[in-house]
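Student: These protein sequence lines are chains A and B, in that order.
With our numbering applied, the first sequence covers 164 to 278.
With our numbering applied, the second sequence covers 661 to 778.
Please note that a few of the clues may not be correct.
Stated by the list, open to error - Calculated cross-link-like contacts (lysine-lysine; reagent style BS3-like; alpha-carbon spacing at most 27 Å): (1) K737(B) / K718(B); (2) K709(B) / K220(A); (3) K234(A) / K709(B).
Said to hold, decoys possible - Quick list of simulated restraints, FRET-style, between CB atoms: (4) R757(B) / P202(A): 28 to 34 Å; (5) S720(B) / G226(A): 31 to 37 Å; (6) P778(B) / E225(A): 42 to 48 Å; (7) D714(B) / T168(A): 34 to 40 Å; (8) L742(B) / I258(A): 38 to 44 Å; (9) T276(A) / S730(B): 40 to 46 Å; (10) L716(B) / E164(A): 29 to 35 Å; (11) S230(A) / Y699(B): 29 to 35 Å; (12) N701(B) / E242(A): 40 to 46 Å; (13) V177(A) / N715(B): 50 to 56 Å; (14) N690(B) / T276(A): 24 to 30 Å.
To be verified - Here are a few chain B residues that sit away from chain A, every Cβ distance over 12 Å (derived from the structure): (15) L716; (16) E724; (17) K737; (18) V776.
If you're looking for bench data, these hints aren't it; they were derived computationally from the structure.
Beta carbons are placed, not taken as given, at the ideal position from N, Cα and C, and that holds for glycine.
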Amino acid sequence: EAQVTQNPRYLITVTGKKLTVTCSQNMNHEYMSWYRQDPGLGLRQIYYSMNVEVTDKGDVPEGYKVSRKEKRNFPLILESPSPNQTSLYFCASSILAGGLGNEQFFGPGTRLTVL
Amino acid sequence: AQSVAQPEDQVNVAEGNPLTVKCTYSVSGNPYLFWYVQYPNRGLQFLLKYITGDNLVKGSYGFEAEFNKSQTSFHLKKPSALVSDSALYFCAVRDSRAGGTSYGKLTFGQGTILTVHP
Numbered sequence: 164e165a166q167v168t169q170n171p172r173y174l175i176t177v178t179g180k181k182l183t184v185t186c187s188q189n190m191n192h193e194y195m196s197w198y199r200q201d202p203g204l205g206l207r208q209i210y211y212s213m214n215v216e217v218t219d220k221g222d223v224p225e226g227y228k229v230s231r232k233e234k235r236n237f238p239l240i241l242e243s244p245s246p247n248q249t250s251l252y253f254c255a256s257s258i259l260a261g262g263l264g265n266e267q268f269f270g271p272g273t274r275l276t277v278l
Numbered sequence: 661a662q663s664v665a666q667p668e669d670q671v672n673v674a675e676g677n678p679l680t681v682k683c684t685y686s687v688s689g690n691p692y693l694f695w696y697v698q699y700p701n702r703g704l705q706f707l708l709k710y711i712t713g714d715n716l717v718k719g720s721y722g723f724e725a726e727f728n729k730s731q732t733s734f735h736l737k738k739p740s741a742l743v744s745d746s747a748l749y750f751c752a753v754r755d756s757r758a759g760g761t762s763y764g765k766l767t768f769g770q771g772t773i774l775t776v777h778p
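Pulled out of the complex, with its shape left as it was, chain A reads as follows (with noise of 0.2 Å):
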């Protein structure tokens, strides 16, 4: 089954204490993101990336860390996690034949609550 995964789905933790929230998709999707979702605010994005190796900060980057060293996984790190950054974290991916046109296939997110 084509999908995007994420883990874990839910995650509570104190400030300071460094997470990885995994991302893997078994489409073999060139362009991977990084999404927050918060009420009143939509989906922000934060980071993008259109390949291997080759990643680009959305709109709320900051606090926020990526790499794709696979073209299947695209990890977020957040090295010192703050409470504002608590949230429901989205993954999605596309191809990316034909150029930025094509939809985005979306994880089931991620709640993470930062104490």
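Given chain A's structure and the hints, the job is docking chain B onto it.
Tutor: Structure of chain B alone, referenced to chain A:
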């Protein structure tokens, strides 16, 4: 910088009536426009998109959207609403122009909660 506005936080319609969820956008070049839907406790699902060509695009579950370049709008419509259409709807835009600082970015609106009453 590109942006999307969904002017209505909530839209309420009766089942069987037509529905419209509004979206306006701003990009430097020509837009790629998307609508996604989020059901409770679920991820986002793609509904439809405008890339080029016919201004009226049709998508999943009977939804359609009309691209209006002069009004920079991409409103989502459905002729007859169902209770099962109740969900959170997001409009998104991407700049099709290669090489710009926003190339690759996808910008979402804040979302519109659609409630269809029986």
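Student: Of the hints stated earlier, which fail here?
Tutor: Hints 8, 12, 14 not satisfied by this model.
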